[in-house]
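Chemist: What follows is the residue order along each chain.
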Amino acid sequence: MILGIFDYLIIGVYFLFVLGIGYYLKNSIKSSEDYFLSGRSISAWVTGLAFIAANLGALEVMGMVANSAKYGILTVHFYWIGAIPAMVFVGVFMMPFYYGSRARSVPEYLKLRFDEKTRGLNAISFALMTLLMSGINMYAMGIIFNLLLGWSFHLSIWVAAGIVLVYVFFGGLTSSIYNEVVQFFLIVFGLFPLAYLGLREVGGWSQLAARLPANLTKSWSTLSSASGNPMGIEWFGMIFGLGFVLSFGYWCTDFLVVQRALASKNLNAAQRTPLIAAFPKMIFPLFVVLPGLLVIYKIPAATLGSNYNMALPLLMKEYFPTGLLGLGLTALLASFMSGMAGNVTAFNTVWTFDIYQSYINPHKDDRHYMRMGKMTTIVGVLASIGLTYVVMYFNNLMDYMQLLFSFFNAPLFATFLLGMFWKRATPNGAFYGLVSGIVTAACHYFLIYKTGFIVYGSEMTANFYGAVAAWTVCFLFTILISLFTRGRPDNELVGLVYSLTPKQDRSKMPLYLKPGFLALVILALTLALNLLFW
Amino acid sequence: MDIKLPLGLIFTIIGLLLVGSGLVHAGEVVQKLQFNFNLWWGAVICLFGLFMLGLHFKKSQKKTH
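Top line first, the protein sequences correspond to chains A and V. In the numbering used here, each residue's number is its place in the first sequence (first place is 1) plus 852. Just so we're aligned: 29 in the numbering used here is position 43 of the second sequence, and the numbers increase by one with no gaps anywhere.
Some hints could be false.
[Stated by the list, open to error] Below are the PhoX-like pairs computed for lysine-lysine, each with C-alpha atoms no more than 20 Å apart in a straight line:
#, chain 1, residue 1, chain 2, residue 2
1, A, 1117, V, 45
2, V, -10, A, 1117
3, A, 1355, A, 1366
4, A, 882, A, 1226
5, V, 45, V, -10
6, V, -10, V, 44
7, A, 1360, A, 1117
8, A, 1150, A, 1169
9, V, -10, A, 878
10, A, 1169, V, 18
11, A, 1226, A, 922
12, A, 1216, A, 882
13, A, 969, A, 1275
14, A, 1117, A, 882
15, V, 18, A, 1150
By construction, these hints were calculated from the structure, which means they are not laboratory data. Treat the numbers as computed from the prediction; the structure is a model and nothing was measured.
Next comes chain V alone, as it looks inside the complex (with noise of 0.2 Å):
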């Protein structure tokens, strides 16, 4: 098994949740940090699981062709 597979798995859907955190409580947020750090940085890891998982099937389409 590939580890880019669950690597990106986990951590877009970690992202996503904590994207979600920051849309469902950006109220206690951005009380506590000035901003909502959580859609921030929920993004930036939901951007890493995508790109693990782009380079995983990039390297699946290369093994079938």
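Chain A on its own, in the form it takes in the complex (with noise of 0.2 Å):
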């Protein structure tokens, strides 16, 4: 691919940009919950559109476009089953917990609610995870263009990573925020052209839909058997896998997403930020499933080859002339940065107040923790760019990370809806029950997958029903530890459980505010939208 004046200008002109509005917010950076927690003053349809921008990244984008070009239709199965429930979920039952705790990170309300040892599991299981996936987002950036454009590998990631680190170091959480929502609307204005520009030539969908085979434009048809469709999988293991175990697990307690709620100007917007983000979410396929079911129509299986991941530039190189192709690749330039910046103000957080403030240097005034914060992104910034080079050397450490963070984030749903719906569970029925559904995930990849002992129709399927297994163990053991050990009395579990949080008073607020409401109109939209693809 050949660049123009016009693409390289729009490129600049994001970067002048996100440096700016760092740059400006750094005045209004006066204590540690402005940097981490943008002082909880946001508007909820900023923190809406940043909690969507922060899940949508480079690799989310580019890889459900893939798995569209591979797998057709059921991809949509990601987005209406295996994220709105979820989303809806969070925003009405469980951000009142999150937020009104007011604990400053995940691991803080699993210490306020349960004790430091599973908060310091979650901790640094996190910390470790999310910095690792800041390196495979870059490396798998510094690839691509390095692939597409012939730019040097090391010096996209080192200005990348240089240009993120100005903007977090000073402008913080709102700095990321703000990026992500700049980043949201430029995947919708370059990516929507793809489609439009592709149906616009087949002739709409019902013309696409007769050229490709019928298992890949039919989302719930084929799911009664995992030998009916590509992805090898049956209906069972798609809802309870997918769209509850995974999709809750990761929605309801990855920091990186939760953290953009906690940022919100008071609970109600806390509660309407997911719900808001669930509109583009309901929409999303028609940004990446399309374009995935174009890349079979209109790219050669000859050019593809097995490289999936490239589906989506290729399909805006036979799609975008100059000017288009310079606003396309900067979308997909703002996802890759917005990846990085998300996972290390997340990071940041997490190692400040969850593990530095709480095991090395406690009792320490605010301005100390703002200043390790800020120290925080640089070493972030830079453990990232390390571990870029790690991938580099061993890149099946990108097709393990998912599987890692099912493995974790499993089984914490399970701790999470007992933590804040049974007030009877316990702190050593948490930690304990945790590792058990750790345990349960390895075993089952390991044990029963790998070796063969069950047949799965798909390494898919088998995370999805590993998934299931590690719930379920986590949540029957912490049942039963919950039952012989003692809990948190009552008083210290106020706001932090369902029975002793009062409830708050809706009477007055206008119904299209009410996030009962709102969460409603979400899941019959979503429902609609399965009927009509089914």
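Starting from two chains that each stand alone, build the complex the way the hints lay out.
Modeler: Pasting the structure below:
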């Protein structure tokens, strides 16, 4: 791909703005709450778009297009089953405890609800994994822009990381959130043309569907058995593995996205954050699944080969002239850089409060922790770059990352579910239940799936069932151990558990602002979409 | 800082750049896409940017009064 002057100008304008936003915000950072949580002052529509943008990393966007090119319309399940219900749940039911408890992070909630060892397990595992994800993100960016444009792998890593460092160092979470909102609109403006131009060329959806194999254009009717669809999965695994355990495990417990809601200006805004995010999430298949289907139609199999991750850039090359190409590539670049920024802001918060303040240097004043946060930003970015080079030498780490997340996220969701809705869940129950869930996930993968003891339709199916097993074991063990161990007294759990938290009076709130009403609208629309593409 | 200001500015500029590419490279764009999509899409993005700027200045005026 050769870029023209307008393409470079668009990329240049983006770089200028992200640096400018970070620099402009530096004078508004006066406390650690400003730096790590934006002073809990951001409007719901901003945190809502940042919530979804934090999830829309370039690996996610490119990966979903690749998935669609490989599996067809089944990829919509990652959105309509694998995200929307969980986003609704976390907004309506979990945000009152996350936000209401004034916890500064997900691990801190675990400390308030249970104890230090539960917090420590989550904090350390999350900190390591989020840094590794940042490294993987940068590695993928370097490779893709080297392949597409011939940019130096090393230069693009260091320049992109340097820009992220500047804007996060100066502007903290607010800078990261504002740039995520810019990224969101860049993705919409950069990817919508693909869907429009592709459909226009084919002659509409029904013409495209007619040109593709039937099992690639029906989202539910091929799920009665694993052999009936290219993903090798049936409806039970899809609903309970992806739709329940993995999806809820990610959206309800991953601090990278939850942090955006914690930056909201009040509880109502925090609850509306994931609900507002659910609307664009619902229509996102238009930007990623439809292009993936267009890849099947447009790009010869010989050109694509087995390198499905290049599907999106190849489609851009087919449809985008100069100018539009610059916009599309800027959208990808923004996604990579926001991905890194999101991981770094989540890491520096968890490090500063849940590791440094808890175990290394407690009882310091707020300015000290704010300075620590800024230093950690530098360390976090440098560590991410270091991990980029580690991934370069061990690039099957990328394949294992999603697996690793599912080892921890699936049982963690059981811990949160019981923690927030069952006051009898005890600290020892939570900790040992969580450990048993993680061990179950690992054992299922290595001892059951990899040995062929159970044969699954695909690796994805194996991961879905592994997540169900891990969640179930954690859930049952937490209950069992809790019944025989001491819990925290009720007065320490007010605001942390459903039965001990006063309900908000929303009688005077307009209907369209009530989380429950928004949730019903979202679920109804999602159901309609599922039926439309049955 | 109200986010609508940088949001409005960046997309107004990007929209204008896209419109510019549609004017300067009209032949190439039309040959590839059969119509000057850059022109139209650039205008849409520019309008979005201006809309955001409009909301920002309206909010600033309310604060002044």
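Chemist: Between residue 1360(A) and residue 1117(A), is the straight-line Cα distance small enough, at 20 Å or below?
Modeler: The given pair, whose Cα atoms are some 19 Å apart, holds under the 20 Å limit.
Chemist: Are residue 1216(A) and residue 882(A) close enough, with their CA atoms no more than 20 Å apart?
Modeler: Status holds; Cα separation ~16 Å.
Chemist: Hint check: residue 18(V) vs residue 1150(A), CA-CA at most 20 Å. Holds or violated?
Modeler: Roughly 15 Å between the alpha carbons, so the hint for residue 18(V) and residue 1150(A) holds.
Chemist: Checking one constraint from the list: CA of residue -10(V) to CA of residue 44(V), max 20 Å. Satisfied?
Modeler: Since the Cα atoms of residue -10(V) and residue 44(V) sit roughly 11 Å apart, the hinted pair holds (cutoff 20 Å).
Chemist: Between residue 1150(A) and residue 1169(A), is the straight-line Cα distance small enough, at 20 Å or below?
Modeler: Status holds; Cα separation ~11 Å.
Chemist: Does the structure keep residue -10(V) and residue 878(A) at a Cα separation of 20 Å or less?
Modeler: Distance ~18 Å between residue -10(V) and residue 878(A) Cα, so the pair holds.
Chemist: Given the proposed pairing of residue 1117(A) with residue 45(V), does the C-alpha separation stay at or below 20 Å?
Modeler: holds (18 Å)
Chemist: Check whether the Cα positions of residue 882(A) and residue 1226(A) lie no farther apart than 20 Å.
Modeler: It holds: about 12 Å lies between the C-alpha atoms, which stays within 20 Å.
Chemist: Holds or violated: are the alpha carbons of residue 1226(A) and residue 922(A) at most 20 Å from each other?
Modeler: violated (42 Å)
Chemist: Hey, residue 1117(A) versus residue 882(A), does the alpha-carbon distance stay inside 20 Å?
Modeler: Within the cut-off at roughly 17 Å; holds.
Chemist: Does the alpha-carbon distance linking residue 1355(A) and residue 1366(A) stay inside the 20 Å limit?
Modeler: Holds. Residue 1355(A) to residue 1366(A) sits at ~14 Å (cutoff 20 Å).
Chemist: Could you grab the alpha-carbon distance between residue -10(V) and residue 1117(A) and see if it respects the 20 Å cut-off?
Modeler: holds (17 Å)
Taken one by one, the earlier hints fail for this structure only at number 11.
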